[in-house]
Amino acid sequence: MPGEKTKRKKLDLSFIAAIAVTLFLAVAVIHVVRTQSTMISSNQKVDVKHVQTLINQGRLSGREAEHWEVMPKQ
Amino acid sequence: MGGNAETVTGWVKCTLCPKECELGPGDRGNCRARVNIDGKLLTLVYGKPCAVHIDPIEKKPMFHFLPGTSIFSIATAGCNLHCKFCQNWDISQKDPEDTENGDLPPDKVVQAARYSVCNSIAYTYSEPMIFFEYTRDASSIARQAGLKNILVTAGYISEKPLRELCKVTDGANLDIKAFSDDYYRNVCDGDLATVLKTFEVMKEEGVFLEITNLIVPTLNDDPGMIRDLCRWLVKNGGPDVPLHFSRFFPMYLMRNLYPTPQKTLETAKDIAKEEGLHFVYVGNVPGVDEDTNCPNCGAVLISRVGYSVTANKLVDGHCPDCNAVIAGVWK
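So the sequences go chain by chain: A and B. Residue numbers are given in the numbering used here: position 37 of the first sequence equals residue 37, and the series is strictly consecutive. Residue numbers are given in the numbering used here: position 298 of the second sequence equals residue 372, and the series is strictly consecutive.
Hints are computed from structural coordinates only; laboratory data are not their basis. Glycine included, C-beta positions come from ideal geometry on N, C-alpha and C. Accuracy of the hints is not assured; some may be wrong.
Stated by the list, open to error - Here are the simulated distance ranges between beta carbons:
id, chain 1, residue 1, chain 2, residue 2, range
1, A, Asp12, B, Asp256, 34 to 42 Å
2, A, Gln44, B, Lys387, 50 to 58 Å
3, B, Glu233, A, Gln44, 21 to 29 Å
4, B, Pro297, A, Ile55, 46 to 54 Å
Next up, chain B with everything else stripped away, as it sits in the complex (with noise of 0.2 Å):
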């Protein structure tokens, strides 16, 4: 928690996140949203989001997780990882100064939602780590009045405050960039151990899990790299965890590469069945296949068009022709 006694120094140290950002009176943290003002640390962004929409579930992506509704979602600037490829870098990579922001306060976040007819929440587009009490606070009252609660994250952040955010979280989607430490570091500003980690508490911590990993051309898209990548998914998550392969385009400080093949997306998705898991899907790629089939016989569960769901047949998270159990959030 908060740090309660005299500064003596003036300089703090932020504990959110692995960085352990050492600030002085004045300095702001890497994430941009935490600033250190009069020896005490700040944060810039609670209940002063950036971006606030309506979005399908299926776009964040989440495929297993009340498939057809919507979802509130909202983000403030900031972020603590720098990803070269980032696609909302016009807030992500922001100080909260230079971003247009509403005031929203957590319980106006959920008579929001509720207004317009959402089940659930996302703390999403930037990184929902950086605005955590932001996110916990909205997330704790979204919980009492029945809504769920969905974080779209990178998953950087220290072990505690994730505990305490997984206490209030429903669901998340969370990026695995690549399966190398080496990439993480040189294209994110961040470390894979970390993310892995996150992984293990989530599921721990009982928070329903998809992953998605953006496959950028010569960068990551090595098949050895993402069968070792589905291999630990299968280890540490088991073969039910769904698995979104997405499409690269340039984007920020890449612009130099060309967007993910969909030939490179359709090997990662075999590797990914060859490896065992159930659920893998290929996102950004207009017309590919994304339904939902039983892991057991094969038939078509849930069907979808782009972010639209064209039919679900669950019948209470079951098939309805063989009765498997299929993994999920569904009501």
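Chain A extracted, bound-state conformation (with noise of 0.2 Å):
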């Protein structure tokens, strides 16, 4: 009947937009995930105490670096 026809023709419409999301957020999320896993970020925390266990022991360094600046009080 031609009302069936045009309720099929609607569901496969629908069926197809679900899997393109699907595909472009699978893709976007993808992406995201690969890009942060190879750009460290500016604010990674280090393990004070290991840090300084090392610097104790000369295995690095320790020294007042140069170039940088007090943040103002936020």
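Using the hints, build the complex out of the two chains.
Dropping the structure here:
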């Protein structure tokens, strides 16, 4: 029947749209995860105790760096 | 210079490179080598190299700088770029806590270089700009001892520390990774303008420059982009700046691409010659012609096989046939 045909067509389109959206989201998530895993954050935390131990053992330097400034009170 | 005022918040801003990391107590900078501990910015790598080698200077590559000599080469962990194709990622993308580090303060670097009969020192492999203080101090002592200093660098540094470093630097191989800001941002986590500025400052400060461009298939092998790079170099550095097109091999996070075809490198060399560059080399390809020819008469001046110099006919930096001056540091 003509009515049934139209209904089936609509279903097919929404199914394809759903797959397209899912694929898009999957690609977007993969892209973000890959980007984040390759670029390290500026504010990565260090294990201060461990680092200080290594400094005391002479395995790391611990010398005060140059070219930095104190940030004003926020 | 260092922050001398009392820290109120415990937060500091590193101004060594354009990333200007803002770090709270216990934070590590993007380069991995600089950390905020108790409101002070510390470098973890001063005098703590994770790589020490003696290399032929041609390996840097520097073809117009004391050819045929050995160069004492050092590196520490860390880098402020994060190139997905990095060939030295096992030290450049590691925290200094995770590498095996030696204890070699600046004066000992110079002693070791002299003991090894090297008349120059390279700050190389990872990124000398992020071990800035170590590089500068070793370079300063090396200068006093009559040794020359070479930076092998991506040039991602702020102008003030760069100018300071240039005062004790004799030569540099500056890596211009692509003539594209998008490439720098997407593949390397940097930006093109800073690197071009570094070129200009180094030239202004009298550092002898050679350029490397690693050609990665499908990413920066567009002939138009290569032509733009060469034009910029001729305009800003003159035709005598040596340019090395280097072959990419799958590495680190880019193991999905194939090595650069030799044809691509040869096309790049042809483009550079068309744009007027006098000294263009193709690297990382065994058996390819890497000789230096006189740009005036075409005579072969320096013959090379791999990293070895098999003949050097220069006479006091001049072509023996036509007496043309050849750009470089020859003694």
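Out of the numbered hints, which ones does the structure contradict?
none
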